[in-house]
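Spelled out, the chains give:
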Amino acid sequence: MSEFIQVHDIPASGTSDPSRHFLSRKVFAGVLGFLLMGAILAPIAQNWRPTPRDSFPFSYYPMFSAKRGDSYVVNYMVGLDGQGNRHTIPFRFAGSGGHNQTRRQIYRLVREGKAAMLCEEVADKVRSDAEPVYSHLVTVQVVTGEFRFDDYFNGNKTPVKERMRAACQVTRSEQAKEVGH
Amino acid sequence: MLRILIGMFAFCLVASNYFMWSAIGYTSTDLFKPVGVVSVLSQPLAPVVNQVLLIGTLLLGVLFVLGWRYRITGPAFAAFLLWVISYRLSWSMIYHSMHLVVLHVLVLGLSPAADALSLDAWRRSAAEAAQERPRAWQYGFPIRLICAVTVCAYFVTGIAKVASPLGWLWANGQSLRSQVAADAIRKELLGTSGARFFYRVYNHVWLFTMMGILTFLVELGAPLALLNKKLGRMWAATAFLMHWGILFIMAIEFRYHLSGILYASFFDLEGVPVWFKGLRARWAPRLVRATAAKA
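Chain order of the listed sequences is W and U.
For the first sequence, this note's numbering begins at 1 and goes up steadily by one.
For the second sequence, this note's numbering begins at 1 and goes up steadily by one.
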């Protein structure tokens, strides 16, 4: 395979002329390079397709190109303690593939009506988590919130709208409760 | 040099994410959405197979960096890396920070990139090693190709912005600020640290306008970097600084870009070992003389 571009020792003897052999390798490498460049540039066409498809390693790099208004809708999880105070539940309770991937997965599950399933999974992980910071949570909610950028970044972090998609209890054994508290 | 640098980055990328990428294999099959070469699969691999492939990639990565039996290990590492990263991205999210490292490794893996500074070169007979290899096209061509791959990817990124519903207005600052704001909000709500500095600069739209214009210049102007070496280096330095600016203001991390290794092909790295050789040749006799004088 590496023979494609690799030109090492040109045979000194044999039927083929060394200079022609050299030239054919050069042309072959050039064609491969040309094809690679074409493959990198080809996804540009996706920009004008009704449903563009991204891929790897050849992409049309759509990041940061979406049109956004002055607000943003996001799905997330919140935990409620015994007093009803809200706490952020990190993405790692919902998935293992990093922040952005888990965010997409949460979005997909909510869109497909599987928020209750996600909620149960997260509550399960919260229950078994050893960190004391989550030991006082009694309820997990999966919510969709809409935030206005100007409000949010000027100190008002209250969502304009918030819709609860699913809620479930974090059930703990008595022993676990004692350890937690 | 380029093989060693890019190979080490790719190795570290897989090694530092080994546990996360292994864990991805256990994700619900409902979320499997294969991309690229992984599209040949209709179902995810057994998690243990994924783990074996990751370990294989790490082992091949070491051999790639060392340049051992490169005619086999070079293409093999490129193929394994392409597979494991495609598989990692086949779970509902394509991260755009990994495309170039794979493309660079593919070019290097199919090139004679281990003819110097490698175990293969060291294994050659002394007589052969003593022969200075001429500066041949097959060594320069892959480096030029890596530069071309890099600028093409940047250019495609720029086109995506111009082709978006906002068109050239993307650079007016409002759009870029909204993109970063959305990213910061979701990071905070999903429990990761957002861009603290972004709060300070949020009300200064002009700053985002400047960044938008700079982004267009770097992305759409990328092909100019192929015109000559000087332009290439200027472009590489600007793009490198732009990514550090992105990290500082937006807390968005493109490790390959931030490391500078992505732009290494624009600089004469192959001259570094030669420079060291020359330095050693100049200083070795002096050191010998000094030691002899002391004795």
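Calculated directly from the structure, the hints in this document are not laboratory data.
This structure is a prediction, so every number in the text was calculated from the model and none was measured.
Errors might be hidden in some of the hints.
To be verified - Listing some non-contacts, in silico: residues in chain U with all C-beta distances to chain W over 12 Å:
hint : residue
1    : W275
2    : R286
3    : V288
As the list claims (entries may be wrong) - Calculated lysine to any residue pairs in the SDA-like style (CA-CA distance at most 20 Å, straight line):
hint : chain 1 : residue 1 : chain 2 : residue 2
4    : U       : K187      : W       : N156
5    : W       : K157      : U       : F197
6    : U       : K33       : W       : K67
7    : U       : K187      : U       : W168
8    : U       : K33       : W       : Y107
9    : W       : K26       : U       : R71
10   : U       : K230      : U       : F197
11   : U       : K33       : W       : P52
12   : U       : K187      : W       : G113
13   : U       : K187      : W       : S96
14   : U       : K33       : W       : Q46
15   : U       : K33       : W       : H87
16   : U       : K187      : W       : H99
17   : W       : K161      : U       : K230
18   : U       : K187      : W       : H87
19   : U       : K33       : U       : P47
20   : W       : K67       : U       : H96
21   : W       : K125      : U       : S28
22   : U       : K187      : W       : V74
23   : U       : K187      : W       : K26
24   : U       : K229      : U       : W122
25   : U       : K187      : W       : G155
26   : U       : K187      : W       : P52
27   : U       : K187      : U       : A251
28   : W       : K125      : U       : M20
29   : W       : K67       : U       : I213
30   : U       : K229      : U       : L217
31   : W       : K114      : W       : R104
32   : W       : K114      : U       : F32
33   : W       : K67       : U       : K277
34   : U       : K33       : W       : R108
35   : W       : K114      : U       : D30
36   : U       : K33       : W       : K26
37   : U       : K33       : W       : N100
38   : U       : K187      : W       : E146
39   : U       : K277      : U       : A79
40   : U       : K33       : W       : H99
Ideal placement from N, C-alpha and C gives every residue a C-beta, glycine not left out.
Among the hints numbered above, which are violated by the structure, and what are their numbers in rising order?
The structure conflicts with hints 6, 7, 10, 12, 15, 17, 23, 24, 26, 33, 36 and 39, although it agrees with all the remaining ones.
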